[in-house]
Amino acid sequence: MKIMVAVKRVVDYAVKIRVKPDKSGVETQNVKMSMNPFCEIALEEALKIKESGLAKEVVAVSMGPSNCVDTLRTGLAMGADRAIHVEASRDLVPLTVAKLLKKLVEIENPGLLILGKQAIDDDCNQTGQMIAGLLGWPQGTFASKVVFDKEKQVATVDREVDGGLETLCLDLPAVITTDLRLNQPRYATLPNIMKAKSKPIKKFTLEELNVEIKSDIEVVQVIEPPKRKAGVILSSVDELIDKLKNEAHVI
Amino acid sequence: MEKLRATSSLRRSLKSILNRQLSSVSEPRYLNGKRSCQPTFNLIRDHRNLGEANPILYRCFSSVSTVVQRNPSFSTLNPDDISYFKQLLGEKSVIQDEDRLETVNTDWMHKYKGSSKLLLQPRTTEEVAQILKYCNSRRLAVVPQGGNTGLVGGSVPVFDEVIVNLGSMNNIISFDKVSGILVCEAGCILENLISFLDNQGFIMPLDLGAKGSCQIGGNVSTNAGGLRLVRYGSLHGNVLGLEAVLANGDVLDMLGTLRKDNTGYDLKHLFVGSEGSLGIVTKVSILTPPKLSSENIAFLACRDYSSCQKLLMEAKRKLGEILSAFEFLDIQAMDLVLNHLDGVRNPLPATMHNFYVLIETTGSDESYDREKLEAFLLSSMEGGLISDGVIAQDINQASSFWRIREGVPEALMKAGAVYKYDLSLPVEKMYDLVDDMRTRLGDLARVIGYGHLGDGNLHLNVSAAQYDDRILEQIEPYVYEWTSKHRGSISAEHGLGLMKANKIYYSKSPETVKTMGSIKKLLDPNGILNPYKVLPHSLNS
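As you go down the protein sequences, you meet chains A and B in turn.
Take the first sequence: its position 245, counting from 1, is numbered 246 in my numbering, and each next residue is one higher.
Take the second sequence: its position 398, counting from 1, is numbered 479 in my numbering, and each next residue is one higher.
If you're looking for bench data, these hints aren't it; they were derived computationally from the structure.
We put the CB at the ideal spot given by N, CA and C, even for glycine.
Accuracy of the hints is not assured; some may be wrong.
One side only, chain A facing chain B, incomplete, derived with CB under 10 Å [said to hold, decoys possible]:
1. A15
2. I18
3. K33
4. M36
5. Q127
6. L191
Required output: the full structure, derived from the provided sequences and hints.
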């Protein structure tokens, strides 16, 4: 079985982000970029499944401008066997990503598609669900535990939902999106980094895949949240009542 | 001869008092509930009279020769002093509350405890000047204190010295974005300065594990080293100016912000590293390097110490200008960290290796630096210098590597009693000392070696369940003699403080030390600033 993992290049999780002065977006020049943490977890899960003998190959996919290749190299250094880069010059919305993934799935025929539950730059949490819908595949999102059964060709997924944990049984092929507690991603070791240099990265263009990137969404403005005001220490109950009445207007 | 006899009879009487005290005193913090040889205690603990001071402090775990006596020429506090300070600083900055005094009287390692009755928190240089002027006239001994993270007992009182804590002077005065020159007050916490500069696109030239608590005044006064010295050099080079208050209350304004100023003797260097014994630093002007965008870090395993050395030589040559840190830890240190710290993950879990090396590079071009680092590491691996290694793929992984290296002191504290030594040695010889100590101590204790290999700085630590004189006998003075034989420094970056006050002769000639004594006498004739520390006690008589 082949596993396909979609990974995204985002601003590093630990960086303090700044909004661009023209409010068109977040500052990404000269800022450290890394693989989306949830995508790392997805890739780690795929590698674990391969190491347990249930899959033969792990293919990492990323879409965007040429620097996506850095993220794919990281994925290869972690242990993926091949990588695919879909060249796109603009930011892609989840629906477009899902359509592109659908085309790749038709080419590659994986038995399992694993993605991170959301990207930390847009927090959309849509791509996994959309691709499952487009392919008509079952989906196990927010996975915190994945157990495989090779004979029955099913995956049992524990999902983290608001009410607690929900366990689903999915027939393969299926889409799984990963949540934080699924696993701890491995480090890229030097021998693997060395091997990664010779692993192939195949390039596709949008025309080849015959997908239009017409976006229905336009980002109007990006602003910082309002700064928290300092607290005030009050000296009497009367002052408290006065403030609640006249300043906060809650009583 | 008489002195010796007096000392031994003193010791005998001390012993009987000791035995009586041992049964009644409870110091759970130091003993962890075990009743063993206490590191420090006060003889007259239960008498909290303002006027009564402890005549003798006997440190149980140290060698016999270091019995420190309170200098009788120092006055003791009286109520008039307290009211003067209250009037000068305001009620809030004059602290006599026992709980707060407990904390400021004890050092970070819980090894040294003073019995000061007064903590002062001035807010301006003028207040510091007035405090010192008064204390000098009254002959009251003073301990300047910052973040209290020192490891040689230099930041806490030995007896009842007045503690002058600069924590309230924490303003950033100015920052020049073009030159990167930061002017701030001495009480600014290092981590806060790092965050401030981060927003401006700069970094502090020093970084150490204690950054969350240590203050820049203390860093400068102790010439702190840290993790980035191999790249940015020592504070002597990065401090462009400072403002210090002398013992008599005179304020020396040497707060220049110029890169070049050859007008007269450069006195600021006297205050950098003199551990508060020549003056209290109140403001600092420091040159900060620009924050470079690309940081890469690798965690490597080496089979033996000579591989670590060769790796260092290769790194300096092949990584050259982008190398920003080169640290090492041995298998014992790694084991300690993995067992005693929470949330720490072994980056190379397959097997435990004899030595671990952490290499960090900082540069301006991400892909160029990455390629350079990878090429260097791969060729080192092929050459057999490295047995295994990982490169951090994002900032979180990088922080986790640093957590391992920076967490060793913390892990040592949690593991029980620790004897800490900080030595500068020629790189080829460094680990020989660790091996020697292991042979000497055998089963008595665990010997751990780690440190700034890039600067030739070894942190030798001996870890045991409890403090024990037998262990100490095997360590001192062997360690100092070994270091002296190889012309090393018995205190690479930690300073002398109280712990090594009488050990300076292992690394400095008598004539040099005599000149130091003359300078001290000149700048602090009454000897009120941080007494009993840094210079040998024999110089005072």
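So, against the hints stated earlier in the document, which numbers end up violated here? 2 and 5
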